[in-house]
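Residue numbering for the sequence shown follows the numbering used here, beginning at 1099 and increasing consecutively.
Hints in this document: simulated from the structure, not taken from any laboratory.
The beta-carbon is built from N, C-alpha and C at its ideal position, and this holds for glycine as well.
Be aware that a few hints might be false.
Taking CB as the label site, the calculated pair distances span [to be verified]: (1) A1331 to A1240: 25 to 35 Å; (2) E1294 to A1203: 23 to 33 Å; (3) V1102 to G1182: 49 to 59 Å; (4) A1171 to V1339: 15 to 25 Å.
Here are the simulated SDA-like cross-link-like pairs (lysine to any residue), alpha carbons at most 20 Å apart as the crow flies [unchecked claim]: (5) K1272 to R1254; (6) K1272 to K1229; (7) K1272 to V1210; (8) K1305 to V1339; (9) K1272 to A1252; (10) K1305 to A1328; (11) K1272 to V1303; (12) K1272 to T1282; (13) K1305 to E1294; (14) K1305 to A1329; (15) K1305 to L1278; (16) K1305 to H1279; (17) K1305 to G1281; (18) K1229 to Y1204; (19) K1272 to D1255; (20) K1272 to I1241; (21) K1272 to R1239; (22) K1305 to D1255; (23) K1272 to A1343; (24) K1229 to R1163; (25) K1229 to V1247; (26) K1305 to A1353; (27) K1229 to R1256; (28) K1229 to V1261; (29) K1272 to R1256; (30) K1305 to Y1250; (31) K1272 to Y1250; (32) K1272 to V1261; (33) K1305 to F1347; (34) K1229 to G1264; (35) K1272 to Y1204; (36) K1272 to A1206; (37) K1229 to R1239.
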Amino acid sequence: MGEVVHRVVGSPWAPRVVRDGEVLLVEIGVDFNRGYDIREFRFPITVEQFDVLRGNLVRHLLLWRVLEDLCLAAGRSGGGAAPGTVAVQRAIGVVLGGSEDEVEAYFAREGVGWRQLIAHGARPELLNEGKLFAAFEAGARAIGDQDLVWEYDANRDRARRGVTLGPLDTALLKYTGRYLHGGTVPRRVPGAVEPEQLPAVLAVVAKAEATCADVPDSASSAVFAAAVEAALAAHEPALAVDAVATVSFLVFAEAAARHRAAERGRG
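Full structure from sequences and hints, please.
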């Protein structure tokens, strides 16, 4: 097994360093199937590389991305095989020994995925430009925040659809629990909204509810959507389409829940 001589505290998935006799090894666990197929890989490193790894969190995170990509590619194409020694040692040499320009060139040339670096504090707009080290100028986080990755994904999807959110739009999506995950069934999460924004959010929801007061709870989502869209177009015409949709979905979902409860009561 070897003695663990370095790990990133609070980040159990990050590569760690073990000493096996006189050999230093970087050890990484790679998830091939959402927690059901986790494989461990070990690769030798030099003392000089170890010094960089334990003293530079950004390069540690970059090495994590590189090794994970290499292991996933080899494991999926070679029936569980480890990546080739030459490729691994070249990657380790560049990430732990190369200049910043050389590391960034390696990422660009090899197509290394950087999305997960967002969870550790990297700015996505700079990552997208290939400026890996500048992206971490505000500081790298040892403990990742997956919400940052989901926020990036959600914003990218909205940009692709031409949707721009204002403060009230964002607050409405957070209130309904659908800011990060658009496919989530809406619910009321007032604690997710800044206190100063909550009154405006509640006013929009109240307007939608009042508009649908005479709509039967058994009505379709399309009926609720049409009513809410018309009302909010007059009440808050600047609302983004996603904000209007999340409010109408909330009102519909709550009506549908009441209808199901009534049906069970009659049964």
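Need the list of violated hint numbers for this structure, in ascending order. Of the numbered hints given earlier, those the structure breaks are 1, 2, 3, 4, 6, 7, 15, 16, 17, 20, 21, 22, 27, 28, 30, 34, 35 and 36, listed in rising order.
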